[in-house]
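Participant: As given, the protein sequences belong to chains A and B, one line each in that order.
As numbered in our numbering, residues -11 to 584 make up the first sequence, in order.
As numbered in our numbering, residues 697 to 796 make up the second sequence, in order.
Note that these hints are calculated values from the structure, not bench results.
No experiment lies behind these values; they were computed from the predicted model shown.
Warning: the hint list may mix true and false statements.
[Unchecked claim] Cut-off 35 Å, straight-line C-alpha distance, at most; resulting in silico cross-link-like pairs (DSBU-like, lysine-lysine):
(1) A/Lys365 to A/Lys280
(2) B/Lys726 to B/Lys762
(3) A/Lys303 to A/Lys392
(4) A/Lys280 to B/Lys762
(5) A/Lys391 to A/Lys77
(6) B/Lys702 to A/Lys257
(7) A/Lys257 to B/Lys726
(8) A/Lys303 to A/Lys77
(9) B/Lys767 to A/Lys257
(10) B/Lys762 to A/Lys237
(11) B/Lys765 to A/Lys257
(12) B/Lys702 to B/Lys765
(13) A/Lys280 to A/Lys123
(14) A/Lys280 to A/Lys118
(15) A/Lys280 to B/Lys765
(16) A/Lys130 to A/Lys118
(17) A/Lys257 to B/Lys762
(18) A/Lys130 to A/Lys77
(19) A/Lys438 to A/Lys77
(20) B/Lys702 to B/Lys762
(21) A/Lys237 to A/Lys257
(22) A/Lys257 to B/Lys796
(23) A/Lys237 to A/Lys130
(24) B/Lys765 to A/Lys237
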Amino acid sequence: MGEELFLGFNGYALITIATMLGIFVLMQRSRLPAEVVFLGALTVLLVTGVVSEEDGMSGFGSEPVVVHAAFFVIIGGLMQTGVLYWLTKNVLGLPTSYSWALLRLMIPTSIMAAMLNSVNVVALFIEAVKIWARKLNIAPSKLLLPLSYAATLGGMCTLLGNSSNLVVAGLYLSQTGKSMNLFEPLVPGLVMTVIGVIMVILLQHHIPLRESTEQSFESTSDYTVELLVPTDNPAVGETVADAGLYHVKGGSLLEIVRFDREIIMPVTKDEWILGGDRLVYAGQINEILELKRTHGLAAADHHVWSINDIDTKRKMRTAYVKFGSDLIGHSMTQCDFEQANNVALVAVARQGHRIEGQPREIRLQAGDMLLLECPPKGDSQLEMNSHRSLTFFDSHFVPQLGKKTITSALILLMMFFVSSLHLLPLMAATMLAAGLMMLFGCCRVTGVTKLIEWELLLILGSTVVFSVAISKTGVADITARQVLNLCGSNPYLVMVVMCLLASLVSEFVSDVGASAVFFPIMYHQALLLDCNPMPFVMSLMLSVTVSFASPIGSSTHMLIYGPGAFRFTDFARLGLWLHLVLLAVALIMVNILYPL
Amino acid sequence: MSTTFKEENNDYVMYFEGRLDTAAASQVEKEVQVLNDCFGHDIILDCTELAYISSSGLRIFLAILKNAKPKGSHVYIRGINDSLRQVFAMTGFTNLFEFK
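Make a model of the complete structure from these sequences and hints.
Facilitator: Here's what the structure looks like:
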């Protein structure tokens, strides 16, 4: 295994390369959750002896993982004490023009993203921005895309702003033993944020206008709704026309699905109705849902025996399917989601259009908008139980404002103060802040583990190990030398080529993955060229976050994809320009600030 | 799937045997047309040997009922097993038909 086999790489190096390629392919082509892919790859490296047990476990105790874990607790505290709620309610005003609206949105969200991480800020603001868009009479897509871009831009300013920043800082710490300042990327990040915001305002005509799927549910005449005939419905034994279920206000009867799954389509007006039939209508949703009240029909995942069994207090809620949701690729009839959460799927919309067929048989995709009939109570519980699969629009989480709101805000400020003045290393500062949040009762100690996104920690821990494998097996060294052979010994050219490649990879995989793969290679190149590694490290940190051109390039883009009813290519229209210009700015700024 | 028509005690009796699924429904639909002219006769649908009934089969039963009612004839269902009884109950047919 230790002998050179191909292009100077030994067996371990080739396994490492194959594993990395495997990750990229699986992330692109399969529906496997990212953490499963990364842990699977880590298993391959451990079993084949590429990394030792010690190396394999070291990633999970590394700085990015620990800081993220502590940060989840801090965010949980800020959320539970209402700091974040207060911020989302108060930063957006009532601007008089679209350009002003963009400024009012992008400036505060980019500042908040720098302090609270871009993903947290976008997740918090989606609902507020959608309501704001309605107030301003602007399509949500015209504000959600700038929201995501602003958060990513602001996230470039601090190590906490984007997850990849922490990964790069953590890898730098492990290589050099030097801890980066929390505000290390502030100057280039700030310049890039200002330029990025100006570009979004100047090129605003490239921001796509997409009809909100949520509004579509309320007003369109082109959606599919499924309603069940309970056993004791008076219409049983009647024809659809006699029962008044054929010509209905605002819609038409498309098909009848019998209890034995036989489908009657097209439906003639003298077709009999049997108990247990599922009537599938196309039309205006509100009008069709009136049939529940007027004709005793039900939205249900299971058979309903009596009209009296229908809980008339159940309510309709809209949610969209998240990226990475376990519902993707499945229909409701194929999984137990409805039973597990006591909800019934009534309608599905995809990018503002009706999907042919019975809603509960539709294989769901990321971004699909679902209309669900939900229990009358327990909204927060439902949101918590299904938060990995769906995001509800009408989130019912409204915290109480009080003394703890101020306490948790002060703890956050203390963390920034202590960390930026280097009074404590970043890891210690975040852990201290998380501990104080619990000590002062800003977040419940009993449920603290639920605040942590374990999947992200697993991914981060694995990426750190891959970085170790790339260094240890010689992949970094050999690739670094080969790129140098191709590009010559001009460090600027090498940096440009590598950053261009890293930013391209991050558009299609993720900023975290790209930074873990490229860090050891670029660090080696700096050493081989006898240069200061800092410009290489900082340019990598910034270039993996300029992935504005595809929805999968950044977690924030994935969050807004569904709510904005975006299409995959929508991000490229403005994102491509941002990517190229900001990459150039990043390289120039870094080389001014950190001489070679 | 087979059907047998008999006249017993002035009642029209149709015996069903086997599985009345979607594939068999069109043939059975033709065979039960003999029940259309039922003035002065009640109808008995004997399901003692009927193993399964699909929604298409239920539609045939419903069509017989809808044809017989205006003519003053009663339609009775006789000898259904437990699984058929479940299907009749679920589809609301127990409220529409009389059972013997």
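Participant: All the hints need checking, so say for each whether the structure fits it.
Facilitator: Hints, one by one, checked against the model:
{"no.": "1", "hint": "A/Lys365 to A/Lys280", "in the structure": "holds (20 Å)"}
{"no.": "2", "hint": "B/Lys726 to B/Lys762", "in the structure": "holds (16 Å)"}
{"no.": "3", "hint": "A/Lys303 to A/Lys392", "in the structure": "holds (33 Å)"}
{"no.": "4", "hint": "A/Lys280 to B/Lys762", "in the structure": "holds (27 Å)"}
{"no.": "5", "hint": "A/Lys391 to A/Lys77", "in the structure": "holds (18 Å)"}
{"no.": "6", "hint": "B/Lys702 to A/Lys257", "in the structure": "holds (34 Å)"}
{"no.": "7", "hint": "A/Lys257 to B/Lys726", "in the structure": "holds (22 Å)"}
{"no.": "8", "hint": "A/Lys303 to A/Lys77", "in the structure": "holds (26 Å)"}
{"no.": "9", "hint": "B/Lys767 to A/Lys257", "in the structure": "holds (23 Å)"}
{"no.": "10", "hint": "B/Lys762 to A/Lys237", "in the structure": "holds (28 Å)"}
{"no.": "11", "hint": "B/Lys765 to A/Lys257", "in the structure": "holds (20 Å)"}
{"no.": "12", "hint": "B/Lys702 to B/Lys765", "in the structure": "holds (20 Å)"}
{"no.": "13", "hint": "A/Lys280 to A/Lys123", "in the structure": "holds (31 Å)"}
{"no.": "14", "hint": "A/Lys280 to A/Lys118", "in the structure": "holds (29 Å)"}
{"no.": "15", "hint": "A/Lys280 to B/Lys765", "in the structure": "holds (30 Å)"}
{"no.": "16", "hint": "A/Lys130 to A/Lys118", "in the structure": "holds (10 Å)"}
{"no.": "17", "hint": "A/Lys257 to B/Lys762", "in the structure": "holds (16 Å)"}
{"no.": "18", "hint": "A/Lys130 to A/Lys77", "in the structure": "holds (20 Å)"}
{"no.": "19", "hint": "A/Lys438 to A/Lys77", "in the structure": "holds (25 Å)"}
{"no.": "20", "hint": "B/Lys702 to B/Lys762", "in the structure": "holds (21 Å)"}
{"no.": "21", "hint": "A/Lys237 to A/Lys257", "in the structure": "holds (15 Å)"}
{"no.": "22", "hint": "A/Lys257 to B/Lys796", "in the structure": "holds (32 Å)"}
{"no.": "23", "hint": "A/Lys237 to A/Lys130", "in the structure": "holds (33 Å)"}
{"no.": "24", "hint": "B/Lys765 to A/Lys237", "in the structure": "holds (32 Å)"}
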